[in-house]
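K.L.:
One-letter residues, chain by chain:
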Amino acid sequence: MSNILGLVGFNENLDQDVNPIVNKLFAAYGNDIVDVTAGTGYGLNLNSSNKVEFEVFLNTVFFQNFSQRPKTYDTNLNKWTTKHVGRTPIAKYIKKHKSRIYLGWCGFTGPQAPTNDISTAARTLFPSYVFYSDLRTSNELTWGIEWGNNGKTEAGNTRFNLAAGAITQDFVARNIKVGDRLFFTDIGSGATPSALVDGRYFVTKIPSSYELIVDKPFPVTVSNASYWVSGNFFPVGADDGDFITGFGENSDTLLIFKLFSLLFYTGSQLKQVKGAPGTSSQRSVINDRKGNTYYFHGSDLGITGIYRYNGVSSVKVSRAIDPFIQGMVTSNYDDVVAWEDGDELRFFIGDLTNNNEDISMTNAVASLNTTTGAWDVSPIADVITASTKWVVSNVKNSYCGTSDDEILKMASGNSHNGTAIPAVVETGIKYPSGSHIQNEFLYVHGIGKNCRGLRLSYKLWNKPEDYDDRWWPLGEMREDLTEFEPTVKNRHGAGIQFRIEEDGSLENDWIFEKILFFYRPDRSRLL
Amino acid sequence: MADIDDKTKVSEITDFSKLIQRKSSRFQQGPDEVNVAENVSSDPIGGFGKKLGYAQQNSDLTSTTTTSTSTSTTTTSTSTSTSSSTSTSTSTTA
Chain A
1 MSNILGLVGF NENLDQDVNP IVNKLFAAYG NDIVDVTAGT GYGLNLNSSN
51 KVEFEVFLNT VFFQNFSQRP KTYDTNLNKW TTKHVGRTPI AKYIKKHKSR
101 IYLGWCGFTG PQAPTNDIST AARTLFPSYV FYSDLRTSNE LTWGIEWGNN
151 GKTEAGNTRF NLAAGAITQD FVARNIKVGD RLFFTDIGSG ATPSALVDGR
201 YFVTKIPSSY ELIVDKPFPV TVSNASYWVS GNFFPVGADD GDFITGFGEN
251 SDTLLIFKLF SLLFYTGSQL KQVKGAPGTS SQRSVINDRK GNTYYFHGSD
301 LGITGIYRYN GVSSVKVSRA IDPFIQGMVT SNYDDVVAWE DGDELRFFIG
351 DLTNNNEDIS MTNAVASLNT TTGAWDVSPI ADVITASTKW VVSNVKNSYC
401 GTSDDEILKM ASGNSHNGTA IPAVVETGIK YPSGSHIQNE FLYVHGIGKN
451 CRGLRLSYKL WNKPEDYDDR WWPLGEMRED LTEFEPTVKN RHGAGIQFRI
501 EEDGSLENDW IFEKILFFYR PDRSRLL
Chain B
1001 MADIDDKTKV SEITDFSKLI QRKSSRFQQG PDEVNVAENV SSDPIGGFGK
1051 KLGYAQQNSD LTSTTTTSTS TSTTTTSTST STSSSTSTST STTA
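Those protein sequence lines, which keep their order, are chains A and B. Take 1 as the starting number for the first sequence in our numbering and just add one per residue. Take 1001 as the starting number for the second sequence in our numbering and just add one per residue.
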């Protein structure tokens, strides 16, 4: 059993292709990407168990797993190639926005050879930088970035070129531009040439594919400097000790999440949303159809929860289910996955235990109905690890990947992939005469449609000083209106609470509508 | 059904539309709020019904999934450059 590491639905845009339209659901699983419908892989030999992030852009699918050289899916060849990602940083997060594609929490592959996987010892990482592609102007997307460990400088000279040997860099092909910045990170010996590192160099000319002219002379001569050159990046609070944790999109702005902050990028300006925490899980970021972006933040217990950003400010919207959220396992904070089922946004939050609130649940999903504002927290039969949308026959459905090799079509059928779905509602405690008045509860009516088989039970509260520690059964609904009679042994109390449940054997066409209860206030008592 | 005499009263719960509210005290909880809601939806206005489930798409993915005839190939040509200011290298394809 393995996690589905990533999932993406791809519906090709026919306008750009004369071949039969390609509609595929791709899952990253084990060491490969798999065409879910065909059940075949592509022989990619993924070497990491990192989460795999996909993004659909330019009529193809981009792949990143923060380990291997990124790839894209070629619809004509039905294979994954390096088209559009010839020289592209690796990244944990990837997001299309307007006419560019953005990368967050980035690193370079081996400084010299772009075909190599990253080497832990040699890699250069950018936890708080965003890199982005150029606007597409040719058949191949460029990223305006180049890097290597073969840089040469000469003291007193503004020329930067490359040491002899195998060269994989090409400043022209990568679309390095006048005004781009040249950075040095190391020299060949491993020491840090502070004179170079601390300098700020701007490219003023690109004479050839292997040579740059910068704006001021270099102070020292080096022959194997590690460097990178680009103008397609911006730091995101690089000095605040907080790292990028994901992307989102709200209206026409790119949202950049860190764990403790949320920023938006307009294409020219980067601004922070005041007071807004970020997310701990990229896969929890989801939009409704009203212009809002929702996301899960998990850190300090007091602020952990689900937030809604409306384009101006971000507020916690999950206070109603705080006792459930507080029962989460903290190691699941970065594994929360969201998807959409009709008007509901659903967040997989894992196992819950909160003894003080009598909460214990396996594979919990917190759901918000964006129309009614209603929350429910429900157990399901699987661990959800990834989600996507995919259009089939003009219907856009949500699909989820699980921890046990499965791809699920959501909002479908009357079971959790064969496992019965028990449904439960427990009302609040009703004090019909106030908490100080004892009542005799005589009869209860349950009313609904197609409710035959639903079971009702009750608890009494403040009777007068204790309360029921178990549910007392009333019986099963027999008709759309069924009358129940509480047992004569237990019908006196100030308050009453009801439980309506079914074990999953009923079709999901029932609607429970109303409870009536008949009571007789029998005495007043001051405690 | 029993007759309702002048001492017997009726109360009703007719709205479940907000479902869970566990942050409020029991006395501040709204009339349309509940303590527990599992696998139910507030989509029917006022009442609640059962959520839809989910179904597996195709069969389990397995580690022995066959590889399609297409495989990813990456070609990289390399060239050399002199150390002089004028490079004589040919172009590189990554």
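Since the hints were made in silico from the structure, they are not lab data. None of these values were measured; they are calculated from a predicted model. Just so you know, even glycine gets a beta-carbon here, dropped at the ideal spot from N, CA and C. Each hint should be verified, as a subset may be incorrect.
Some chain B residues judged to face chain A by a derived CB distance under 8 Å, without partners named [said to hold, decoys possible]:
id, residue
1, D1006
2, F1016
3, L1019
4, R1026
5, E1038
6, L1061
K.L.:
Do the numbers back the hint for L1061/B, that is, is its least Cβ distance to chain A under 8 Å?
P.N.:
holds, 5 Å
K.L.:
Would you check whether F1016/B satisfies its interface hint, that is, whether its CB is within less than 8 Å of any CB in chain A?
P.N.:
For F1016/B, the interface hint holds, since the closest Cβ of chain A sits about 7 Å away, which is under 8 Å.
K.L.:
Taking the least C-beta to C-beta distance, is D1006/B closer than 8 Å to chain A?
P.N.:
violated, 10 Å
K.L.:
Using 8 Å as the Cβ threshold, decide whether R1026/B counts as touching chain A.
P.N.:
holds, 5 Å
K.L.:
With 8 Å as the cut and Cβ atoms as the points, is E1038/B at the interface with chain A?
P.N.:
holds, 4 Å
K.L.:
Given L1019/B as an interface hint, is its Cβ closer than 8 Å to any Cβ of chain A?
P.N.:
holds, 4 Å
Violated hint: 1 only; the structure is consistent with all others.
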